[in-house]
Structures are given as structure tokens and as C-alpha cells.
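Chains A and B supply the protein sequences, listed in that same order. No gaps in the numbering here: position 2 of the first sequence is 2 in the numbering used here, and each next residue is one more. No gaps in the numbering here: position 68 of the second sequence is 68 in the numbering used here, and each next residue is one more.
Just so you know, the hints here were simulated from the structure itself, not pulled from any lab data. The reader is advised that the hints may include incorrect statements.
Stated by the list, open to error - Here are the simulated DSS-like pairs of lysine-lysine, each with C-alpha atoms no more than 25 Å apart in a straight line: (1) 107(B) x 10(A); (2) 107(B) x 177(B); (3) 2(A) x 177(B); (4) 74(B) x 2(A).
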Amino acid sequence: MKFNEAAVFKWVVIVGIAGALIVAVTLLTRPLVGSLLLLACVIAGCAYAYRWWRAPRRH
Amino acid sequence: MESASVAVGHAHADHHHGPPEANQSSRIDRQTLGILLFIVSEVMLFGAFFASYFFLRVVVDPPNWPPEPFELPKAVAGMNTAILVSSSFTVHYALESIRRGNRTGLKLGLVATWLLGATFLFIQINEYVHLGFSARDLSFGSIFYCLTGLHGAHVFVGLCLLSFATIRAFRGHFGPKAEDHLGVEVPGIYWHFVDIMWIIVYVTVYIL
Chain A
1 MKFNEAAVFK WVVIVGIAGA LIVAVTLLTR PLVGSLLLLA CVIAGCAYAY
51 RWWRAPRRH
Chain B
1 MESASVAVGH AHADHHHGPP EANQSSRIDR QTLGILLFIV SEVMLFGAFF
51 ASYFFLRVVV DPPNWPPEPF ELPKAVAGMN TAILVSSSFT VHYALESIRR
101 GNRTGLKLGL VATWLLGATF LFIQINEYVH LGFSARDLSF GSIFYCLTGL
151 HGAHVFVGLC LLSFATIRAF RGHFGPKAED HLGVEVPGIY WHFVDIMWII
201 VYVTVYIL
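Excised from the complex, chain A in its bound form (with noise of 0.2 Å):
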């Protein structure tokens, strides 16, 4: 785990794309599709926080 501004700002990154693609499904579609992919996201980001927080640290 790397805890700095770049870290975070590569979070802000993600959740953006994240959030644009849920914003266009949504508009596409129906609110429950992207209600479902909202949830699917939060499942995937909080598994890929999860190790990036486990991951050890590099020199």
C-alpha cells in the first residue's frame, strides 16, 4: 500500500470512469440497470482496495 496524491488521484480517475459509465448505461437504459451496475462497481472497487492496501510496499 501507497498512500500519497498520486494514489489518490488515481482513485479520482477510476470513480470517474466509474461514475461516466454508469451515467450513460443509466440514460441508456433504465435506473435499476444502472443501480445494478453502481453495486457491481462497488463489489469490484472495494475487492481492488482491498489488495491494493494488502499489496506490500515497494522501494
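Following the hints, complete the assembly by docking chain B onto the known chain A.
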């Protein structure tokens, strides 16, 4: 026995003065750990508001969401989202600049970030004025103003932190070494957090 312990005490006093040194993690410095713990507490605060939002949405269960008389300006809020997200890029540019020793880039990035944040807040207040409903109008009005207002308060705090960082940058306070620009790094982390929270607020409140 007593004289021996006094002698040991004196020997110890010769080597160490004052309170013991604070233990420090080798993985993270104090300032970054502080902002990390603060952000964790903020995530819990936002989590409570989101829980209220989804609880109301499920319990009220209207045929349409937002309920009938309410309408949210999705396009304006979307543009506002783009403005706030772009401010994350400018604060990142400011930090990358100071890491390379480019003070002009640091100042430019910080001023641009502050202006974009202030624009976001101005548009948000303008939206409140023209929405046509208040926090007293049904549960939807209450939770809408609570969530967006909570985020707006965080943007205001972020702008205050960025103001301090910008003033210090113009006074020539920061340097390329990691410990010399923590005064920009910590507000930068906070600003990114505010951006991430807004993306989540926008998607859940305005779009879904």
C-alpha cells in the same frame, strides 16, 4: 541499593532529555496518516447520509424518483461535475510541478484548482436558488439538501485549505523534496476525496 538506582537514573538522564520520542510508522508519515484517518471518518459520515437517502428512497417508494413535483437539473449538475473533476487534474498538475521543482506550475495549478472549486460552489448555490423547492419540502427535499449541502461544506473547507496552500506557494514555501511540499500534498488528498464523493453524490442523487 538506593545510590545505585540514583546512579542509573543519572546515567539515563545524561542520554535522554524530555519525553520519549513518538513512535512513527515506516509505511506512512504522520501528516499523511492524519489525513487518511480523517478521510476514513468522513467516509463514515457520508455513509450515514447515503444510508438515510437509500432508506427514504426504499421506504417512501414513489412511482418515480425524484417524487412528482421535484425535478433536478441533471445537465447543469453534470457540467458542474466535469468542473470539479477537472480541478483534481489541476491540483495533481500542481503537485507534479513542485516535485520537479517547477514553482510556476505549482502556483498555476493551485490557482486554477481554487478557481474551479469556487466556480463549482457558485454554480451549486445558484442551483439551490433556482431549484424551486427547499429542505422543508418532503423527505426528498430534506435529504437532497443534506447530501449536497454536506458536500458543499466540504468543498468550502477544501477551498480554505487550498487558499492557505496557494498563499504559501506565492511566498515560496514549498520545495521538490517530499517533506517540503506536504502543505500541498495533504490538501490535494483532501480535494481528491471531495471529488470522489461528488461523483458518487451526482450518480446516486441526480442520475439513478
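Unsatisfied constraints (hint numbers, rising)
4
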